[in-house]
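Q: Listed below are the residues making up each chain.
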Amino acid sequence: MIWRIIFLALMVPLFGKDIYFTRSGTVSFFSSTPIEDIKAINEQTTCVLDIETGDVSFRIPIRGFIFKNGLMQEHFNENYLESDRYPNASFTGSIEGWKDITLSEKLQPVSLKGTMNIHGISKDISESGNILMKGNRVIGSATFKITVSDYEIEIPKILRDNIAKVVDVTVDISLKKK
Amino acid sequence: MNRFLFVFTSLIISLTAQDDMLELIDDGTINPVPVQATFKATRIVNSQSIELTRPKTLEFMILHRFGSMNNGFYDLFGMDEAAIRFDLKYGINDRISLGAGRSSLNKTYDIFTKLKLLKQTSGGSSFPFSLALFSKMEISTIDQDLSMSDQLTFDIQVLAARKFNPSISVQVMPTFIHRNLVQTANESHDLLSFGIGGRVKVTRRVSINTDTFFPLGERNESFKQSWGLGCDIETGGHVFQLMITNVQGSFESDYIENATGTFDELNLFLGFNITRVFSL
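Keeping their order, the protein sequence lines are chains D and S.
Per my numbering, the very first residue in the first sequence carries number 1; after that it's consecutive.
Per my numbering, the very first residue in the second sequence carries number 1001; after that it's consecutive.
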């Protein structure tokens, strides 16, 4: 009896959730104004997908955004996103209608709904993306827009013409089974 | 006994059922990341800061010191006079930068390098401070009759800095200066000093900075310990540094060893540095 219970206790963590994940997802953003274009890429994004429920979590380390211009990268961390205080951006939510989705090699449009947290500000969002399964990997992508002022990121007056009020965000992830 | 075990088991189960899915894949390793922006510019006030010109970036700096403030409104606190320095620096990579400059004081040209040896990191197995080596050769061309070797001065500084938190950074800088030519026989060719500088950030774009150099060993009676008190203002691609200091020159052998100003009759200097960077 005792051994059976101990065995059970040991087994439970192994029966955990059926999870696909990555620690090297790509998130990039693009700000375009007539004066200049600014682009940064982050290849350290963590993403977890629960294949049973369709729940999704993202964690994007702000310091992981690489700019071509080192000074911009420093200002992005120091002055705009304040990465000392808010080291990560995150999204926690789920894929809508997950039960009706069968993953295949065909690209399928999906809709994600959940809470985005950037710069310490949470906001409920709903965005669309694509998902497919290739071999043993789940591949997802999305493009959407973020309004900078929604997350209380202040842009000083003299730079208002250089930084877009709405930036384009692109997400590309390739998840493997845990 | 069995009941106890059962409770124990269910406790373990409930502990392993985590709410946050991200925790399920966390393996506990946090990659250390280099600490950014210990100072806003490559100078604290007068002294070199731990910051290097960024990789593949050209940095143009204007260091401007007005005349002594002791004439008051007659020359608008020294505004009629100026000692000016230009320098141009290039970041080869994130550890090596090279530069050359020219100062109007003693018509001094110089070439210099700053090497980043160690980087302060945070997160994971963090490293507590940054270390850099600054070296410079100055050529004073005001006296044309001197031989080339008599015009030379060499500076070597070890810069060690720590960013304690987002607003407070402190730097120490043991300094060695060798002058090939000295004014009198009892002056030493080799001078040691110990500099301390720091900053407190007051807003995201403004910080208050200060630095000073303590002499080690004998100096002339006329020697004064140099100091500077300034304020950094950062805009997009520029850093403006406004300061009040007791030394007019803005190159190492002058601002460390040749301070002239005192508080008596406000014999001090106003000045500013402007940094502009160009990405190549």
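Be careful, since some hints might not be right.
[Claimed, not checked] Rough simulated footprint, nothing fancy, chain D against chain S, three-plus residues with beta-carbon under 8 angstroms:
| id | segment |
| --- | --- |
| 1 | 1033-1043 |
| 2 | 1053-1066 |
| 3 | 1131-1137 |
[As the list claims (entries may be wrong)] When the alpha-carbon atoms are kept at most 20 angstroms apart in a straight line, the in silico DMTMM-like pairs for lysine to aspartate or glutamate are as follows:
| id | chain 1 | residue 1 | chain 2 | residue 2 |
| --- | --- | --- | --- | --- |
| 4 | S | K1056 | D | E74 |
| 5 | D | K177 | D | D161 |
| 6 | D | K176 | D | D84 |
| 7 | D | K134 | D | E74 |
| 8 | D | K123 | S | D1020 |
| 9 | D | K68 | D | D168 |
| 10 | D | K176 | S | D1020 |
| 11 | D | K123 | D | D150 |
| 12 | D | K177 | S | D1026 |
| 13 | D | K145 | S | D1020 |
| 14 | S | K1056 | D | D84 |
| 15 | S | K1056 | D | D37 |
| 16 | S | K1119 | D | D172 |
| 17 | D | K178 | D | E154 |
| 18 | D | K176 | S | E1023 |
| 19 | D | K177 | S | D1094 |
| 20 | D | K165 | S | D1094 |
| 21 | D | K113 | S | D1020 |
| 22 | S | K1119 | D | E78 |
| 23 | S | K1119 | D | E52 |
| 24 | D | K99 | D | E52 |
| 25 | D | K176 | S | D1026 |
| 26 | D | K178 | S | D1094 |
| 27 | D | K39 | D | D124 |
| 28 | D | K165 | D | D150 |
| 29 | S | K1116 | D | E74 |
| 30 | D | K165 | D | E96 |
| 31 | D | K177 | S | D1020 |
| 32 | D | K68 | S | D1094 |
[Unchecked claim] Computed Cβ-Cβ distance ranges for the label pairs, DEER-style:
| id | chain 1 | residue 1 | chain 2 | residue 2 | range |
| --- | --- | --- | --- | --- | --- |
| 33 | S | H1064 | D | E154 | 47 to 55 angstroms |
| 34 | S | F1086 | D | E36 | 24 to 32 angstroms |
| 35 | D | T170 | S | H1064 | 38 to 46 angstroms |
Because the hints were derived from the structure by calculation, they are not lab data.
Just so it is clear, CB atoms sit at the ideal spot from N, CA and C, and this is done for glycine as well.
Q: Does D:D172 lie within 20 angstroms of S:K1119 when you go C-alpha to C-alpha?
A: violated (32 angstroms)
Q: Does S:D1020 lie within 20 angstroms of D:K177 when you go C-alpha to C-alpha?
A: holds (17 angstroms)
Q: Check the hint pairing D:K123 with S:D1020 against an upper bound of 20 angstroms on the C-alpha distance.
A: holds (18 angstroms)
Q: Is S:K1119 within 20 angstroms of D:E52, Cα to Cα?
A: violated (44 angstroms)
Q: Are the Cα atoms of S:K1119 and D:E78 separated by 20 angstroms or less?
A: Distance ~18 angstroms between S:K1119 and D:E78 Cα, so the pair holds.
Q: Mind taking a look at whether chain D covers the segment 1053-1066 of chain S? Criterion is 3 or more residues with CB to CB distance under 8 angstroms.
A: holds (count 3)
Q: Just to be careful, I want the Cα atoms of D:K113 and S:D1020 compared with a cutoff of 20 angstroms; is the pair within it?
A: holds (17 angstroms)
Q: Regarding the pair D:K68 and S:D1094, is the alpha-carbon distance no greater than 20 angstroms?
A: The hint holds at about 13 angstroms.
Q: Does D:E96 lie within 20 angstroms of D:K165 when you go C-alpha to C-alpha?
A: violated (29 angstroms)
Q: Between D:K99 and D:E52, does the CA-CA distance stay at or below 20 angstroms?
A: With a Cα-Cα distance of about 8 angstroms, the restraint between D:K99 and D:E52 holds, given a limit of 20 angstroms.
Q: Hinted pair, alpha-carbon criterion (20 angstroms max): D:K178, D:E154. Please report holds or violated.
A: violated (39 angstroms)
Q: Hint check: S:K1056 vs D:D84, CA-CA at most 20 angstroms. Holds or violated?
A: violated (26 angstroms)
The structure shown violates the earlier hints numbered 3, 5, 6, 7, 13, 14, 16, 17, 19, 20, 23, 26, 27, 30 and 33.
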